[in-house]
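Please build the complete structure, drawing on both the sequences and the hints.
Chains as they are written, first to last, in numbering that gives the first Met the number 0: chain A, 0 to 619; chain B, 0 to 204.
These are computed hints drawn from the structure, not numbers from a lab. Predicted, not measured: the structure shown is a model, and the values here were computed from it.
Cut-off 30 Å, straight-line C-alpha distance, at most; resulting in silico cross-link-like pairs (DSSO-like, lysine-lysine):
1) A:K560 with B:K77
2) A:K475 with A:K23
3) B:K165 with B:K100
4) A:K23 with A:K136
5) B:K165 with B:K15
6) A:K560 with B:K49
Residues per chain, in single letters:
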Amino acid sequence: MNDSFLFQAFIYLLAAVIAVPIAKRLGLGSVLGYLLAGVAIGPFALNLAGGAKDVMHFAEFGVVMMLFLIGLELRPALLWRMRGPILGMGGLQMLGTSVAVLVIALVAGRPWRESLAVGLIVAMSSTAIILQSLAEKNLLKTRGGQSCFSVLLFQDIAVIPLLALLPLLAMNGGSTQAAEHLTKPLAHLPQWAQALATFGAVAIIILGGRFLLRPVFRFIAGTRLREAFTAATLLLVIGIALLMEFVGLSAALGTFLAGVVLSDSEYRHEIETDLEPFKGLLLGLFFLSVGSGIDFALVGKHPGLVALLVAGLVLVKFAVLVPVARIFRSDWGESLLFALAMAQGGEFCFVLFTFSESHGVLGPEVTKPLTAAVALSMAIAPLLFLLYEKVVAPRLARKKNTREPDEIEDHDHPVILAGFGRFGHVIGRLLRANGFGVTVLDNDAEQVELLGKFGMQSFYGDASRLDLLRAAGAEKARLFVLAIDDEERSLDIVRTVLHEFPHLRILARAVSRQHAYELFRLGVHDVYRETLGSAIELGVTALRALGMRGVDALRATRIFKQHDEAAVRDMAGLGEIDSAYVTRARQHIENLERILRSDRFEAKDPTGNQWSPDSRKDGE
Amino acid sequence: MPSRVLILFAHPALQKSRVHRVLANAATALTGVTFHDLYERYPDFFIDVKAEQALLLEHDAVIFQHPFYWYSAPALVKEWQDHVLQYGFAYGEGGTALRGKITFSVLTTGGSEESYRADAADRFTVRQLLAPFEQTARQCGMDYLPPCVFHGTDGLDDAGLAAIAKEYVQLISALRDSTLDRAAARNGERLNADLARVITNGSPA
Chain A
0 MNDSFLFQAF IYLLAAVIAV PIAKRLGLGS VLGYLLAGVA IGPFALNLAG
50 GAKDVMHFAE FGVVMMLFLI GLELRPALLW RMRGPILGMG GLQMLGTSVA
100 VLVIALVAGR PWRESLAVGL IVAMSSTAII LQSLAEKNLL KTRGGQSCFS
150 VLLFQDIAVI PLLALLPLLA MNGGSTQAAE HLTKPLAHLP QWAQALATFG
200 AVAIIILGGR FLLRPVFRFI AGTRLREAFT AATLLLVIGI ALLMEFVGLS
250 AALGTFLAGV VLSDSEYRHE IETDLEPFKG LLLGLFFLSV GSGIDFALVG
300 KHPGLVALLV AGLVLVKFAV LVPVARIFRS DWGESLLFAL AMAQGGEFCF
350 VLFTFSESHG VLGPEVTKPL TAAVALSMAI APLLFLLYEK VVAPRLARKK
400 NTREPDEIED HDHPVILAGF GRFGHVIGRL LRANGFGVTV LDNDAEQVEL
450 LGKFGMQSFY GDASRLDLLR AAGAEKARLF VLAIDDEERS LDIVRTVLHE
500 FPHLRILARA VSRQHAYELF RLGVHDVYRE TLGSAIELGV TALRALGMRG
550 VDALRATRIF KQHDEAAVRD MAGLGEIDSA YVTRARQHIE NLERILRSDR
600 FEAKDPTGNQ WSPDSRKDGE
Chain B
0 MPSRVLILFA HPALQKSRVH RVLANAATAL TGVTFHDLYE RYPDFFIDVK
50 AEQALLLEHD AVIFQHPFYW YSAPALVKEW QDHVLQYGFA YGEGGTALRG
100 KITFSVLTTG GSEESYRADA ADRFTVRQLL APFEQTARQC GMDYLPPCVF
150 HGTDGLDDAG LAAIAKEYVQ LISALRDSTL DRAAARNGER LNADLARVIT
200 NGSPA
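Rendered as structure tokens:
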């Protein structure tokens, strides 16, 4: 029973559900929670988890998804601006760490090939742990966080040449040929064909993302089946990962590229919200499997050696990272964040150790303790984050009050407009024509596509979802214009916005009188019945056609509207339609008729001076 | 007891008038003064008569601040008068709501003071041109004072601007603190021709 899929899923989920909230409560962060839960269900504690290796392999896909999502957030222009830190900091970090490890290993009397291989491999850090922790602590957009991201991206790219170079360090021929096939299905092709295939794959991603995905997503979104859209996004990511593996590139890198290509698509927000839970679960699973995969038997046998390796790994990386950040003009706070965040081994280390072993570059006597050390260093990583958060950051905050403003992303528009149909698009156009930025959300894919052609930036998605609102910049906006025609969803959205973004002023379209009542009851002040405006305009023309002068017709309808709006506000407090409601409604109608009559016909100025238009007698 | 001052401000194109922006900002900053922006409140000219009358009842002095369009006020001021100053409220039987309240206009003109003379281009003084305001005020039993006029506001530099804002604040503050000598102020063409003459030192007039 231990091996049944459902039982395994149950164990992993249970461990996560118990450990993660506790870890969060204790301020340790979710990553450490997952790792500890992994240790708990691992073979050296409760021994409930089976097949940790397979699980980890599967869960690594979470990292792929994470890079796809990160790509979605990065417009090509932004990525281009980061080329300096990516190449500079990333290259320097790899070089510095490799050389430092190489020298230490040589001094310790190890052969140079082995030392160099180990140095190159442990230069990798854990993309999963670092980015997840940075995002959780809201540090991703800080300069230190951006440095981490740049270097991690470089490491991801560097894996590809590493896979090609490591076999050259082999001490004996080994089983190079077999392993080559494992990693590169195209290895039997000549070099030029392999290069061509690689370029071809990248071209497919870029061109496909540009021209093919839009119509496909539009078609799928047009069916209005949520799961179809979710399936399509998953298909996209998995497909790209497969393609990349086929040509021997890193899947994470390929999906990252696809993400960047799709970053200015109108489906971006929707794709993000669809993949987010998958990414979260898979990453969680990944951390769990890292925890349960730590070889405590080995640690128990050579505790001194493993401790030395862990400490050495963390300290050497830290010692290299700080000067790298300083060289690239980070201040001390940013440098410390960068160095503490990156001072651990990463998931690529496992892959590369296994790879090196199969190529005869490193022996198992080297890889086994190092793998354990890397896993332990990953377990320590969240603690280093805590160190930054509890010790370093408070000191820095005391030291200086002027922090650089966070980089403001593309959507800091003052207005979020939900619903871009017949009603909303008039508002959108009006606001934009007057120079106000509007972020538009609509769940009609065709409409979004069409408006995109006219240069209106709009996003496909359901505005009742909190994460989507957040992605659309609800925290920074000032106005929320609610122009959708679905009453239930409209009320849902209002509840969410009132609760989560109380600073937003809501201007709401009401589809019916009842809907208007509901909106007033929820506390929305600016409610506009969708047909009232044009009905009143028509009424003006009707009154004039019946012989009323323009000024009288306009004034009469103004009074009518003012009175009617006050009546709806008043009636909103009454609730269901019952006798009290009907009585009150009658009263309002009678009042209105009286007011309109008196405004037009009652003379108030018996002196005959007639100074006021309100005083004129009919027929004078 | 301090006077409660209501400024009825009317400018249909404020973004084009540096002078009125500065004057309006100065007035808005004063405590005990209600600054009521008519073109902001009634862009569609549909005036809420009841609300306007209530506002008048809450104040002791009513100031009209506006540019001197075609020797008079922008159209919304006239619309305001026509609707708010009703029989039975402002004049006629029972129309005593405004009795005794001080009123005057605060204006800006692009041209110089010299041109507002019988023998010059504009042929009348500003006070003469404001005769309808003066007579309307009298009809409502109000205490009408000559206008506060800022001439030559075209091409005024920052220092000049600061100077007239200061003058304006002095005048409104005196009105609020009841240190404005009404008797002295009633005569003359221009309330701000010599502020020292109309503002008493400290003791309420």
